[in-house]
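Using the sequences and the accompanying hints, generate a full structural model.
2 protein chains.
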Amino acid sequence: MNNEGLQVTGKGLNGIKGYKYAGIKCGIKKSGKEDMALLFSAVPAVAAGVFTTNKTKAAPVLIDLDNIKNPVTRAVIVNSGNANACTGKKGMENALRMVDITARLLGVDHREVLVSSTGIIGVQLPMDNIESGIAKAVQSLTADGGDAAARGIMTTDTRDKKTSLKLRLEGGEVTVGAIAKGSGMIHPNMATMLCYMLTDAAVEKGLLQEILEETVNDTFNMISVDGDTSTNDSVIAMANGTAGNTVITRKNGDYYKLLAAFKAAAEAMATEIVRDGEGATKFLQVKVINAPTIEDARIGAKAIVSSSLVKAAFFGEDANWGRILCALGYSGADFDPSKVDMHFSSSKGTIKLVNMGEGLDFDEEKAALILSEKDIEVVVDLHCGEYKSTAWGCDLSYDYVKINGSYRT
Amino acid sequence: MNNEGLQVTGKGLNGIKGYKYAGIKCGIKKSGKEDMALLFSAVPAVAAGVFTTNKTKAAPVLIDLDNIKNPVTRAVIVNSGNANACTGKKGMENALRMVDITARLLGVDHREVLVSSTGIIGVQLPMDNIESGIAKAVQSLTADGGDAAARGIMTTDTRDKKTSLKLRLEGGEVTVGAIAKGSGMIHPNMATMLCYMLTDAAVEKGLLQEILEETVNDTFNMISVDGDTSTNDSVIAMANGTAGNTVITRKNGDYYKLLAAFKAAAEAMATEIVRDGEGATKFLQVKVINAPTIEDARIGAKAIVSSSLVKAAFFGEDANWGRILCALGYSGADFDPSKVDMHFSSSKGTIKLVNMGEGLDFDEEKAALILSEKDIEVVVDLHCGEYKSTAWGCDLSYDYVKINGSYRT
Chain A
0 MNNEGLQVTG KGLNGIKGYK YAGIKCGIKK SGKEDMALLF SAVPAVAAGV
50 FTTNKTKAAP VLIDLDNIKN PVTRAVIVNS GNANACTGKK GMENALRMVD
100 ITARLLGVDH REVLVSSTGI IGVQLPMDNI ESGIAKAVQS LTADGGDAAA
150 RGIMTTDTRD KKTSLKLRLE GGEVTVGAIA KGSGMIHPNM ATMLCYMLTD
200 AAVEKGLLQE ILEETVNDTF NMISVDGDTS TNDSVIAMAN GTAGNTVITR
250 KNGDYYKLLA AFKAAAEAMA TEIVRDGEGA TKFLQVKVIN APTIEDARIG
300 AKAIVSSSLV KAAFFGEDAN WGRILCALGY SGADFDPSKV DMHFSSSKGT
350 IKLVNMGEGL DFDEEKAALI LSEKDIEVVV DLHCGEYKST AWGCDLSYDY
400 VKINGSYRT
Chain B
0 MNNEGLQVTG KGLNGIKGYK YAGIKCGIKK SGKEDMALLF SAVPAVAAGV
50 FTTNKTKAAP VLIDLDNIKN PVTRAVIVNS GNANACTGKK GMENALRMVD
100 ITARLLGVDH REVLVSSTGI IGVQLPMDNI ESGIAKAVQS LTADGGDAAA
150 RGIMTTDTRD KKTSLKLRLE GGEVTVGAIA KGSGMIHPNM ATMLCYMLTD
200 AAVEKGLLQE ILEETVNDTF NMISVDGDTS TNDSVIAMAN GTAGNTVITR
250 KNGDYYKLLA AFKAAAEAMA TEIVRDGEGA TKFLQVKVIN APTIEDARIG
300 AKAIVSSSLV KAAFFGEDAN WGRILCALGY SGADFDPSKV DMHFSSSKGT
350 IKLVNMGEGL DFDEEKAALI LSEKDIEVVV DLHCGEYKST AWGCDLSYDY
400 VKINGSYRT
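Heads up: the sequence lines are chains A and B, in that order. Per numbering that gives the first Met the number 0, the first sequence starts with residue 0, numbered consecutively. Per numbering that gives the first Met the number 0, the second sequence starts with residue 0, numbered consecutively.
Worth flagging that the hints you see were computed from the coordinates, not collected in a lab. Just so it is clear, the structure is predicted and the values come from calculations on it, not from any experiment. Please note: incorrect hints may appear among the correct ones.
A pair holds if it fits inside one copy or across any two, identical chains being indistinguishable in the list.
[As the list claims (entries may be wrong)] Calculated pairs, PhoX-like style, for lysine-lysine (alpha carbon to alpha carbon, straight line, at most 25 angstroms):
#	residue 1	residue 2
1	K89	K338
2	K165	K204
3	K250	K16
Take a look at the structure:
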């Protein structure tokens, strides 16, 4: 990825032109913390979305799949603490009401509003709280409400997640900002990953969708939590064109610059989600290089970082390269087992463990020192082509089991 | 499955006509326990095999994939303690030597011998021990050596696994016996699942292969350990025709009777493997019923029992039906989420948790009582067809992480 010209500003959503935000408390969460966020574009914007592939889709996702087709989008209303999933007909009615109330109070069409919910599954939304919450959120909208909005979408996250970047396109400087929620080790029912990526760039709706899909493929789809795809996962992008750049209407230089900015922002959010895994003690970056196709590189890297055995080995700081070869082997990736090299790295150094598919008689003490660090990189060289992919994950710890064994009750 | 006429005798391999077995100690395992097994048919037998789909296949598996094509098979030589996987050219030479020595000492052709290894990955076999071991095994062959052979294939198994059944076919009573190894929670590098199914029935080689494949699909492929397919997984069947039954040459009544016996024996072995999971505290049986196709039923049941979140919930005795619907949703199975019913059962009773896709306001105390048992059954009714499938698994416990975090070193 070419990140030339990207300036990280770290302000999250604040400072993107033409948007207002709110993050408020409406009493859904017993903790009394923020549990609603509203993102609003002062002018008609275009939106793009990537949603869960789970067949059991929560009511808000079903609505978004429809409303995202509207040429114009103005707002996203989000509640946390309750996922409105597996809630049947009444759940769908409630999600529609969230959209309708938001649209009416903002004075926009109901097709211009998207909705997300995250939290516990199978419980109906407390609609009194939701209704008064939306009214409060609409009243609270301000240009610097981005941080409150970032808090409003959190569930078990230990910290809010936000990023922003500036870049120069033809005709103007644009900003891409994002907020996200989700925890690396995935929390039952709270497992949902949500991300909102806003920009003031001017770009056609179809191209924004292409940018978002490629971005998600390389980032959110390359993190392993525990393989369970939630009923509510959503990544939504909006672009309102207020930056004054020349509208991007084809895959020109500006398109690829904007794509690079989206990827950089999404990678920051995706890796933040992994790092925020309650119970995670290690951050793993797995690179599969010199693969015959990009798909082989992706599925190989993803399988390695998703393996419970690999994850548990890193928790134990055990240089168990056999499990990595094993995961690569069942991933479905095309490669020649007799050509594979493997290295582990951390700030303590690099060690080669596998040469041409065979285990080396490596220095166990050096390996232990490298694995004692929190950030570990695994590089698997297939020597079978020129494609590469990176996946991110965390280890499997006692706390993962503890947290996930007693969540609901 | 129609198990009419099947008589469980529980003798393992002993008592199947025309075979001899050995299980001996040759010093591969530091523990000094049995680490080699030899299975030998006194007369030419036909064999069938189902092997790991992992692209990284251990040397013995590569040899078996070739030798299984031979019309006649006489013996299987197995060592435990070392998997001879990721051992390159030398590993292949060593596996071939195991076959050659066994064939020479037994006076059979090298193409008539199959070989398996299980244990640590990436370390060359101690060939001195292997060679003297094979000689000792050949000398130790006896008709009642089945139990020693069952011990000889164990790695982290806490107990040996064996079963046998008798059934009457046209022209004679036949016996099907099996031994297996593998642990439910899967042990790093030792993850391999091995099973040997022997019978004195007379059946054509091609039909034996069909019987074995259908058997494996319904049994070993329906247990979840942790999703990692090992480099060495093998299920091998032999039939030597010494029982005197009319040779099975087509899919007649006897074919289906023999198939039922194989399935019953394999189900016993597969569930034993799940129950022997060190660190496992629960045994889960997941039935997906009324699915549109058998494949939908299978992938749905398998996804549920394989989900880390579902497993962790059962460890915590938490009636978290939302995670089960979620796993079903991402499984790829075809179903209508608004038609799903779900029940949990144990010896303490049955409770309905989901009706037509929506969570019920169930009795939490009753659910807790049911989940306090070791054996739990989950029934998911899709109301979308007439196919069903059962998967077996265990919970995800602290001990899983402990065992798998510190295996290799």
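Okay, the hints, checked on the actual structure:
With identical chains, the CA atoms of K89 and K338 are at most 25 angstroms apart between copies only, with a shortest distance of 15 angstroms across copies and 56 angstroms within one. In the homo-oligomer, the alpha carbons of K165 and K204 lie at most 25 angstroms apart inside one protomer (20 angstroms), although the nearest pairing across protomers, at 68 angstroms, exceeds that limit. For the homomeric pair K250 and K16, the shortest alpha-carbon distance inside one copy (24 angstroms) is at most 25 angstroms, but the shortest distance between copies (73 angstroms) is not.
This entry satisfies every hint, going by the numbered hints stated previously.
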